[in-house]
Amino acid sequence: MADKAKPEISEAAEMAREAIEDGVVSARERFQRLGDEVQSKYKKVSEDVRKGAERASQEIRRGAERARETYEDVAETAQRSYHRARSEAGNLSREVSLYVRDNPGKALLIAAGVGFVLGLLARGRGGSDEE
Amino acid sequence: MTELQERESVIDELIDDLVPAGMDWERLVVTYPIPALLLAAIGGFLLGRRHGPEIIAAVSGFAAAEVSRNVEPFLGREAG
Numbered sequence: 001m002a003d004k005a006k007p008e009i010s011e012a013a014e015m016a017r018e019a020i021e022d023g024v025v026s027a028r029e030r031f032q033r034l035g036d037e038v039q040s041k042y043k044k045v046s047e048d049v050r051k052g053a054e055r056a057s058q059e060i061r062r063g064a065e066r067a068r069e070t071y072e073d074v075a076e077t078a079q080r081s082y083h084r085a086r087s088e089a090g091n092l093s094r095e096v097s098l099y100v101r102d103n104p105g106k107a108l109l110i111a112a113g114v115g116f117v118l119g120l121l122a123r124g125r126g127g128s129d130e131e
Numbered sequence: 001m002t003e004l005q006e007r008e009s010v011i012d013e014l015i016d017d018l019v020p021a022g023m024d025w026e027r028l029v030v031t032y033p034i035p036a037l038l039l040a041a042i043g044g045f046l047l048g049r050r051h052g053p054e055i056i057a058a059v060s061g062f063a064a065a066e067v068s069r070n071v072e073p074f075l076g077r078e079a080g
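Protein chains in written order, with our numbering: chain A, 1 to 131; chain B, 1 to 80.
Next comes chain A alone, as it looks inside the complex (with noise of 0.2 Å):
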C-alpha cells in the first residue's frame, strides 16, 4: 500500500510544483507587465515634464528677449531726446546770449519785468513778506 501511494503522492507533488511554477511565472509576468507599464507611465510623464520644462525656458527667453528689446528701444529713444532736448537748449542759450550782446539794455529791461511781474503775481498769490 505505502508502494501505491508513493507514485500517488509523489505525481500530487508534482502537480504541487508545477502549479507552484505556473503561478511563480503568472506572476512575474504580472509583475513584468506592471513594470512594464510604470515604465513607460514613468517615460510619458518625464518626457511630458521635459516638453513643459522646455517651452516654459523658451517662453522666458523670448519674454526676456522682448524685455531687452523694448528697454533698448526707451533707452535709444530717451537717449535721443536728451540729445535734441540738449542741442535745442544749446541753441536757445546761444541766440539768447546773442540777443543779449545785441541789446544788453533791453534785454535785463525785459528779464526785470518778467521777474517784476512774476513777483507780483507771487505777491498776489502767497501775500507778502512783510504782512
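If you are wondering where the hints come from, they were derived from the structure by calculation, not from laboratory data. In this text the structure is predicted, and so the values were computed from the model without any measurement. Treat the hints with caution; some may be incorrect.
Unchecked claim - When the alpha-carbon atoms are kept at most 20 Å apart in a straight line, the in silico EDC-like pairs for lysine to aspartate or glutamate are as follows:
| # | chain 1 | residue 1 | chain 2 | residue 2 |
| --- | --- | --- | --- | --- |
| 1 | A | Lys4 | A | Glu14 |
| 2 | A | Lys106 | B | Glu66 |
| 3 | A | Lys6 | A | Asp22 |
| 4 | A | Lys106 | B | Asp24 |
| 5 | A | Lys106 | B | Asp17 |
| 6 | A | Lys106 | B | Asp12 |
| 7 | A | Lys106 | A | Glu88 |
| 8 | A | Lys106 | B | Glu26 |
| 9 | A | Lys43 | A | Glu54 |
| 10 | A | Lys44 | A | Glu54 |
| 11 | A | Lys106 | B | Glu54 |
| 12 | A | Lys41 | A | Glu29 |
We have chain A already, so just place chain B on it with the hints.
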C-alpha cells in the same frame, strides 16, 4: 537818430542811473549774458514781490499826471 536808437539810449540812460556810477554794466552783460539776465530777473522778482503795488501806483500816478499835463492846455483852451 532813429526812434529805435533813441529808445535804446533812454533804456541805457535809465540803467546807467540805476547801477552804481563807474560800473561798466554793458561790458558785464555782454561778457556774462545769461547770469546777467538771471540777476535782472531775480531783482525784478524781489522788487515786484516786496514793493510791486507801490511801484505800480507811482507809475500810474506819474502817467496820469503826464496825461493831464499834456491834455490840460487843450481843455483849458476849449473851456476858455
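Comparing the hints with the structure gives:
1. Restraint check: the Cα-Cα separation between lysine 4/A and glutamate 14/A comes to about 16 Å, which is no more than 20 Å; the hinted pair holds.
2. For a cut-off of 20 Å, the pair hint linking lysine 106/A to glutamate 66/B is broken: about 24 Å separates their Cα positions.
3. Distance check on the hinted pair: lysine 6/A and aspartate 22/A sit about 24 Å apart at the alpha-carbon level, beyond 20 Å; violated.
4. Of the pairs offered as hints, the one joining lysine 106/A and aspartate 24/B holds, with about 16 Å between alpha carbons and a cut-off of 20 Å not exceeded.
5. Under the criterion of a C-alpha separation no larger than 20 Å, the hint pairing lysine 106/A with aspartate 17/B is consistent with the structure, at around 15 Å.
6. Restraint check for lysine 106/A and aspartate 12/B: satisfied, since their Cα atoms lie roughly 8 Å apart, inside the 20 Å limit.
7. Using a Cα cut-off of 20 Å, the hinted pair lysine 106/A and glutamate 88/A is violated, with the two alpha carbons roughly 24 Å apart.
8. Only pairs whose Cα atoms come within 20 Å are accepted, and lysine 106/A paired with glutamate 26/B is accepted, the gap being roughly 11 Å.
9. Straight-line distance between C-alpha atoms of lysine 43/A and glutamate 54/A comes to about 16 Å, which keeps the hinted pair within the 20 Å bound.
10. Distance restraint check for lysine 44/A and glutamate 54/A: the Cα-Cα separation of roughly 15 Å lies within the 20 Å cut-off, and the hinted pair is therefore satisfied.
11. In summary, the hint linking lysine 106/A to glutamate 54/B is not supported, as the alpha carbons are separated by about 23 Å, beyond the 20 Å threshold.
12. Taking the CA atoms of lysine 41/A and glutamate 29/A, the gap is about 18 Å. The hint holds against a cut of 20 Å.
Checked against the numbered hints above, the structure breaks hints 2, 3, 7, 11 and satisfies the rest.
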